[in-house]
Structure formats: C-alpha cells, structure tokens
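S.K.: Let the hints inform the model, and build the full structure from the sequences given.
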Amino acid sequence: MTFAAAHILTINGGSSSIKFALFEANALLRPVLVGEVARIGQPQATLVVK
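Residues in the sequence shown are numbered consecutively from 127, following the working numbering.
Derived from the structure by calculation, the hints contain no laboratory data. One should not assume that every hint holds.
Each pair of labels, with its calculated beta carbon distance range [unchecked claim]: (1) Q170 - E150: 31 to 37 Å; (2) Q170 - N138: 31 to 37 Å; (3) Q168 - F146: 17 to 23 Å; (4) A130 - G167: 32 to 38 Å; (5) A131 - T172: 28 to 34 Å; (6) T128 - Q170: 41 to 47 Å; (7) A131 - Q170: 33 to 39 Å; (8) L148 - T172: 27 to 33 Å; (9) T128 - R165: 39 to 45 Å; (10) T128 - Q168: 17 to 23 Å.
Glycine is no exception: its CB is placed at the ideal position from the N, C-alpha and C atoms.
M.R.: Encoded structure:
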C-alpha cells in the first residue's frame, strides 16, 4: 500500500474574492499552488491559479 503526501489547504474569503493555497505539510511548508477567485458575483469574475 502506498500513501499520498500530506498537504495543508488554506482558504481566505473576503467580500468579493476567495484566496487559496495548497502547501506540502513538511518543515518547509512549500506552496504547491496558490490562487484567487476575484470579483465574485460580477460578470467579469476570474479564477487565477499559479
């Protein structure tokens, strides 16, 4: 049996955006990805993932 590496997901919700990040759960807490959903509720809403 193999085990997946542990990760930590952070989510920060604001009035018109949600920011999120996924980190490796180790001593360095290296980000695996970061992103943002912006202008929620508006026609020009965006999702950006890096």
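S.K.: If you check the beta carbons of Q170 and E150, does the distance land in 31 to 37 Å?
M.R.: The hinted range 31 to 37 Å holds for Q170 and E150, with Cβ atoms some 33 Å apart.
S.K.: Verify the CB-CB distance for T128 and Q168 against the hinted window 17 to 23 Å.
M.R.: Given a distance of about 43 Å, which is not inside 17 to 23 Å, the answer is violated.
S.K.: Range hint 31 to 37 Å: satisfied by the CB atoms of Q170 and N138?
M.R.: Hint violated: Cβ distance 21 Å, outside 31 to 37 Å.
S.K.: Are Q168 and F146 spaced within 17 to 23 Å by their CB atoms?
M.R.: holds (19 Å)
S.K.: Taking 39 to 45 Å as the stated bounds, is the beta-carbon spacing between T128 and R165 within them?
M.R.: 41 Å Cβ-Cβ, so the 39 to 45 Å window holds.
S.K.: Looking only at beta-carbon atoms, does the pair A131, T172 fall within the given range of 28 to 34 Å?
M.R.: This hint holds: roughly 30 Å between Cβ atoms.
S.K.: Holds or violated: 41 to 47 Å for the Cβ distance of T128 and Q170?
M.R.: Hint holds: Cβ distance 43 Å, inside 41 to 47 Å.
S.K.: Per the hint of 32 to 38 Å, is the separation of the Cβ atoms of A130 and G167 within bounds?
M.R.: 35 Å Cβ-Cβ, so the 32 to 38 Å window holds.
S.K.: So does L148 sit 27 to 33 Å from T172, Cβ to Cβ?
M.R.: The hint (27 to 33 Å, Cβ to Cβ) is violated, given that L148 and T172 are roughly 19 Å apart.
S.K.: If I claimed the Cβ atoms of A131 and Q170 lie 33 to 39 Å apart, would that claim hold in this structure?
M.R.: holds (36 Å)
In summary, the numbered hints that this structure violates are 2, 8, 10.
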